[in-house]
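*Asks:* For reference, the chains in residue letters:
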Amino acid sequence: MAKIKFKLNNQFVEMETDPNRRLLDVLRDDFNLTGPKEGCGEGECGACAVLMNHEIVNSCCTPLANIIEKEIITIEGFSKTKKFEVIKDAYAKTGGVQCGFCTPGMIIATESLLNKNPHPTDFEIKIGLSGNLCRCTGYNLIIEAVKEAAKAGDGLW
Amino acid sequence: MVEAFIPKDLDECLRILSERKVRIVAGGTDMLIQNRSHTGMSIGYRNDVLYINNLNELKNIYEDDAFVYIGAALSLEKIMQSDIVPKLLKDTILEMASPAIRHTATLAGNIGNASPAGDSLVSLYLMDAELEIRSINNTRRVFLKDFIKGVRKIALESDELITKVIIPKLVFEKAYFKKVGPRLSDAISKLSFAGAYQTYNNRITDIRIAFGAVNITVVRDRVLEKKLLGKKVEEIKEMMDLIISWYDPLILPIDDQRSNKVYRKEVSFNLLREFVRNLN
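Heads up: the protein sequence lines correspond to chains A and F, in order.
Here the first sequence is numbered in this note's numbering, starting from 7 and rising by one per residue.
Here the second sequence is numbered in this note's numbering, starting from 316 and rising by one per residue.
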């Protein structure tokens, strides 16, 4: 057991727990944040993605020991921002959502990409989303959504 | 329950290593999967673990006249964004992992994992990378090729830690990494290839060839490379079949869930042919 201090969705959190737990389980079981999902559980699908210090990480591959003093934002926390509104509207407008299982991860990946590169090319978008699998859309509509978000949110990132 | 050690600084980390038998975890992107247990349960480590990702002393990157020094806990993303890292390594990192993995995984972790399919190893072998290894009483330096002993076998004592990856500054006319896998960035390679060369007055002064995932570790043969030094580019192109026959006995891939040995061997030869054909 260890004392783990971190920032979760803009609130400071301190918990006494096993640092050998996965961040994904802690978010879902201890904080009831079910936006991050377990898809593959091995870093291939990106359904569990969250932001760590504003960069996308797979919470299924992140031990709690590695988030000490870090800032974690899940889709729940991110959904309270203006940037989320822009990305959400872009996905809705282009039809980048079908079953929705991958969508929280896709939105986190979009935010992480636009944070570093506000005007990505098609190729850069593909690289940016390369860790996220979607079995419905065929990806083209999601790539359109990212382009639309970059356009509509010009100046936000 | 296994114990987790989260040292505050490198001294404490090395002291723990000298006193306890532990598995070292950096980014965790391989270790968590290798020790996967069930959803909702702690990671299924079989030994006590030592987390090194919080150690700022292992997150620096700097250079001198001859080498670039990369801290063992620096993320692949930070390495890729650095101005002083050789382009070949940056290109390799871009292909080896998705952004989410790049933000946490480390180069030293890929080395310590010593997978036959470790993508960074191919380019690091090509560049004659070295490692700095520390224990509480000692600091040593070793060539990567002498450090990796086989499939997941490394020459690291139980009280030792990889602290730096050291890359020589080299000048190549062309150097590239090519990965064959089912997905861009986020797949384990079926096989991989890296090639580099330098010429002077149309004669080869340096030529390097490496293959990944076709033997227990990276295939690179300096003796064969030396046979090509001093030759004209056109001469080497005419030696194509001979060169393929040199590498034939070294490329010994296996059948597994990702690919099979026939495909791996043939594509390895094709990548070698492409490299030779494009020398200029």
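Derived by calculation from the structure, the hints in this document are not laboratory data.
Certain hints may be false.
[Stated by the list, open to error] Not the full set, but computed from the structure, chain A residues with beta-carbon under 8 angstroms of chain F:
(1) Gly45
(2) Glu48
(3) Gly49
(4) Pro69
(5) Ala71
(6) Glu82
(7) Gly137
(8) Ile149
We treat Cβ as the ideally placed atom computed from N, Cα and C, and that holds for glycine.
*Asks:* Taking the earlier hints as the rules, which of them does this structure contradict?
*Replies:* Those not satisfied are hints 1, 6 and 8.
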